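What follows is each chain in one-letter form.
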Amino acid sequence: MKTVAKTGNEAMAYAMKQINPDVVAAYPITPATEVVQIFSNYVADGEVDTEFVAVESEHSALSACVGASIAGGRVMTSTSSQGLALMHEILYIAAGNRLPIVIALVNRSLSAPINIHCDHSDTMGSREAGWMHLYCANSQEAYDSLIIALKTAEATAVPAIVSTDAFILSHAMERLEVLEDSDVQNFIGEYRPRFSALDLENPKTYGPLDLQDYFFEHKRAQIDDFSKVLDAYDKAAKDYAELSGRYYPALEEYKTEDADVAIFAAGSTADTAKEVVDDLRDQGRKVGLVRMRMWRPLPVEQIKKALTKFKAVAVMDRSDTMADFGGPVFLETRGMLYDSEEKPLITDYVYGLGGRNIKLTDIARVYDDIEQVAKAGKIEKLITYLGVRGEE
Amino acid sequence: MATLKELSKRKEGLVGGHRACAGCAASATIRQVLLAAGDKPTVAGIATGCMEVVTTIFPYTAWNVNLVHNAFENSASTVSGVEAAYKVLKRKGKIKDDIQFIAFGGDGGTYDIGLQALSGAIERRHKMLYVCYDNEAYMNTGYQRSSATPYCAHTTTSPAGTKIPGKAQWRKDLTEIVIAHDPAYAAQATPGYYMDLIRKVEKALAADGPSFINVLSPCVPGWGYPSDQTVNISKLAVETLFWPLYEWQDDSYKINMKPREPKPLVDFLKLQARFRHLFKSGNEHLVEEFQAEVNRRWEALLRKEQATSA
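Protein sequences, first through last, are from chains A and B.
Residues 8 to 399 (the numbering used here) make up the first sequence, in order.
Residues 1135 to 1444 (the numbering used here) make up the second sequence, in order.
Keep in mind that the hints were calculated from the coordinates and are not lab data.
Just so we're clear, the structure is a prediction, and the values are computed from it rather than from any experiment.
Be careful, since some hints might not be right.
[To be verified] Derived SDA-like pairs: lysine to any residue, alpha-carbon spacing no greater than 25 Å straight-line:
#1 B:Lys1145 to A:Pro210
#2 B:Lys1145 to A:Pro215
#3 B:Lys1221 to A:Lys9
#4 B:Lys1230 to A:Asp206
#5 B:Lys1221 to A:Asn209
#6 B:Lys1228 to A:Glu197
#7 B:Lys1224 to A:Asn193
[As the list claims (entries may be wrong)] So these bits of chain B aren't anywhere near chain A, every CB distance computed over 10 Å:
#8 Ile1233
#9 Lys1261
#10 Arg1431
Every residue, glycine too, gets a C-beta built ideally from N, C-alpha and C.
Excised from the complex, chain B in its bound form (with noise of 0.2 Å):
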């Protein structure tokens, strides 16, 4: 694995100069997972989305690899494409380097709409690497629910109102159905534990198949904190249990950050405004559904690590 001193003197995959928010945790992740790719030609693919919005604005650039946007729904087979493509030219004698292939999208365009093209991309075992960078909401057009939304998480789209609070389901376990795949790797990150994250790519990277990386990725105005808690915020997920560390190989579960004392889950909640209606009197029971519902995936997770562990 790369130490952070090797990373330091790799090329810079994105530069800065883009437009994303101060505190945005998607252009870190994208920044650390070319890092991590970044002794290796490399070659990118976004949906439309932020990040592709405050990246690409013609008639500038932050990507210092090739990118190729195409739309919002197909980051996958538009990735499918060119590595088909690469196949067939490398063949041919026509491409001499080995390339690699990262596909990006946010949650938006990888648990919702682009669904599909993902989970054609990885049957078809392309060998590429899909990494989601999840803000857990349509964060581009003014933070609309997806199904990446958390529980009661206040959206423009599941406003909490007076008589709704916030979002009425859980969130869709994405990491699950890309594991139901098959895929050669699979893996749920975040950038605070950047050297996990490098590591996840690294492995990702040289696994002989489709694989898959869900980052959790906290966005400033979206879930609403100070720009600075962006890393102190993507901890606290993990901490808390919400966004479990974990990853999957040849048939098995590993879960690479137990938390000795979990943090209870009020702990993430209470620095976002988009949690903030569930602190007002008569709303507990929220909190604690809400709790138990992460417990309850935690011990699902911990259940699938020990019986596939060897």
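Excised from the complex, chain A in its bound form (with noise of 0.2 Å):
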């Protein structure tokens, strides 16, 4: 273990680099950029015995993906916006294909306008498409969730997103601790792949036609086995945990166990609200937060759980649903805690698009009213655009 300072591009280069996948196909874009560019250092220096391949689209880039991991390769990729939506249709294929395949990825708003900076809506775009996905709130865990999610993906056969928060994660310096290589290597252990179109004993079809007769059962199979990656997940976590002594939950709790509202976030903004909640509890206040890191799968339960304490809750979203609806954590948690009997009251705040500051006030003003939410027993405003200009 040793001490470094890499910015969130830097530290998830570093990881790829310490999981010497076999194979990266890989397009550039901003704010990911840097992390392929890096990577293609280490490939030039012989760091790594990787396969690079530098694609003409982000669309072959997850091409390539695919077929170097049905060829039974382990196989990573890193983009951002626009390229995540060019990959779009070949996500559902690498995860219809139970290919563990993992992106480093930035998350930055989708165009248009065009804008570089961050927002979710990159990702959240792509919340169906049967990929495992962490939300990181800083540049160690950013690090060290490449490595957890790469061995639950391959524990699953679910392929794996794990993203950072545009400029403020991807090119802020931090300091950070990182592994050895051989701990990582001997943590993720060789691959074994289920399959491989280079075994020429057992010629197989890959990706054959599925029609009404079988599609829904491989589907419902699908369905089945993602359901299981919460509990790898959770074992990876803790395996990585006792390695390295950081343990990352799906769903963390931040001061919550007396706090009587609480906010739900995810990423860079949930690390920036714990200093407004402990701001707020030196105030005498009881208020926490819980910062969403797994959303896909949803740790169900742990939400409910953890949700249901309080008397008023404040989603933060940082992407709209075109839904006329708020955002999607805000309709999935209210979907979510919809059967329980003791729930919150559950306020949207959409904030941050096209990489909005979001500051410690902006915060402090949601717990403000979550609090008179909480004490008025009602809701008077269900969703707020937060910080935009025209809205009160």
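Relying on the hints, combine the two individually framed chains into one complex.
This is how it looks when you write it as structure tokens:
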């Protein structure tokens, strides 16, 4: 274990180096470009054994990853925003073929208008593709999560996305601890693919046409296997904690034991909110934070258990569903809690689109609001667009 | 080069029982390509399209070799990934055999939606043979025009109407586009000249780098002709200069079949329902224009051969 200074992108590239995948097929896109750029330096300097395929688009990046994974390789890539959108078609194919590919992703808003800064619209748009997804709150976590995600993906044959917030994490230098290469290798183990298109003894047709008579059973089996990801993740996260001393639950609670109200947030904003919680706690206010780290699959029971303790919860959504009903986390949270006997009043704050800064005072204002909601016992305003001109 | 007798003893890569139409040239193309490749281990990829649909309906497969299907536009990039994994696993000693890679795609998946993926794969020099089975339209979805559809052909999205006589544009010359990438080998073929196709596959697989064969594959329902005429039409395409058989390697063009007396293009056109409207009175000029363009392209090819011959 050693202490280093790295940006989010450098941390993810370093984890990729230590994982030393068989194939990386990737395409540059701001703000994730550095990940592949740094990784190609590792390739050029012979520090990894990886076959690096510098493809001509993100569509081909993930397509080549699918080919390499079906061929039995350990496979990773990196992208962001429009790149993930261009991969969208192949995300489903990777998941449906049970290929444990891992994407080191940087969250950036989707065009239009074109913008290179953070929001979560890119990954939220892919939430039904069958990929495990972890939102990270800092560079240390991004580094650790890639390693845990790879282990989980390979154990479950479910592909994984690990994401950081554009610029806020991807380009901000932080102090972090990294493992020795050998520790990472021992942790992830040698990759043993379930099948390989290079296995000449057992020729198979990968990706066949599957019609009304079998498709549904195959999809049902995929959904069933997806529900096993949470346990596999938890095991990997606990094993990783023994190795590193850092444990990352699927859902993190911060100062929630006696809290009346809580913010439910993901990514770097959740770490920022901890500062606000500390300040408000100093003032004697009973506020807490629940951080959504794993978004797919949803840790439903954990979320229910965590959130039903509160009188009021503010969901922080860094994207909108265009359903005229707030953001995706809000919608799904309300859905999960619908059957709970005791449930909090839940409001939504859509914030930070296109990288709009979220300040400590913005978060403090959200706590003010939900304390008011808790006190009044009713919601005055269900959905708030936070920090945008023209909103009160 | 393998003889017919040798080929007849090889294990088939694509077996019968699949659901292609009677007289399908595309399935014959794949079968011949895999036979030609059959002396060495082969892993194939295929784009979504007719051939993938008729040969892989779960729980059946007509393929005796490992086949990877991903999506429509990415046969080349998918096989790029397979080949990349092969290289690294071979370096690590996890794979012992020498394996050759063949990516298949139709003209829709190659000339149109998959052109970028093909371009990228050749530029990156993946050692793979890409075979386009070119049936000159989106046959799988019901005969829509592609950039490989010839002039005036009736398709369901370039219908021969009362004002517009079928496709208004000339076809894209994909083989030339591929040659501009400086591949290790490129050729045009058609299964009617099956030994020519076999020889080209052997040559392509022996070449040190990416190779490409564009195979004109007549389509019974799409072109509209009796199912016993596939080989005849395949040959007529060559004899009328509509589809020249040629190859390109080491900066040189070689035309493999130069008809001493080329047949008129109408001999090829008149057998096919997709060109039926060209024979209505008043459309004579279209056939003349079509013939002139075929001649122009043939003359240009002859000049290229002459200019690059040793």
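Going through the hints against the structure:
1. With a C-alpha separation of about 13 Å, the suggested pairing of Lys1145 (chain B) with Pro210 (chain A) holds against the 25 Å cut-off.
2. Under the criterion of a C-alpha separation no larger than 25 Å, the hint pairing Lys1145 (chain B) with Pro215 (chain A) is consistent with the structure, at around 22 Å.
3. Restraint check for Lys1221 (chain B) and Lys9 (chain A): not satisfied, since their Cα atoms lie roughly 33 Å apart, outside the 25 Å limit.
4. A hinted pair counts as satisfied when its Cα atoms are at most 25 Å apart, and Lys1230 (chain B) with Asp206 (chain A) qualifies at roughly 10 Å.
5. Proposed proximity of Lys1221 (chain B) and Asn209 (chain A) is supported: the alpha carbons are some 20 Å apart, at most 25 Å.
6. Of the supplied pair hints, the one linking Lys1228 (chain B) and Glu197 (chain A) holds, its CA atoms being roughly 12 Å apart against a limit of 25 Å.
7. A C-alpha spacing of about 22 Å is found between Lys1224 (chain B) and Asn193 (chain A), which places the hinted pair at or below 25 Å, so the restraint holds.
8. Separation of Ile1233 (chain B) from chain A is inadequate, the least Cβ-Cβ distance of about 6 Å not exceeding the 10 Å criterion.
9. For Lys1261 (chain B), the non-interface assignment is confirmed: its Cβ lies about 12 Å from the closest Cβ of chain A, beyond the 10 Å cut-off.
10. With a least beta-carbon separation of about 29 Å from chain A, Arg1431 (chain B) lies farther than 10 Å from that chain, consistent with its non-interface assignment.
Violated hints, listed in ascending order, are 3 and 8; each of the other numbered hints is respected by the structure.
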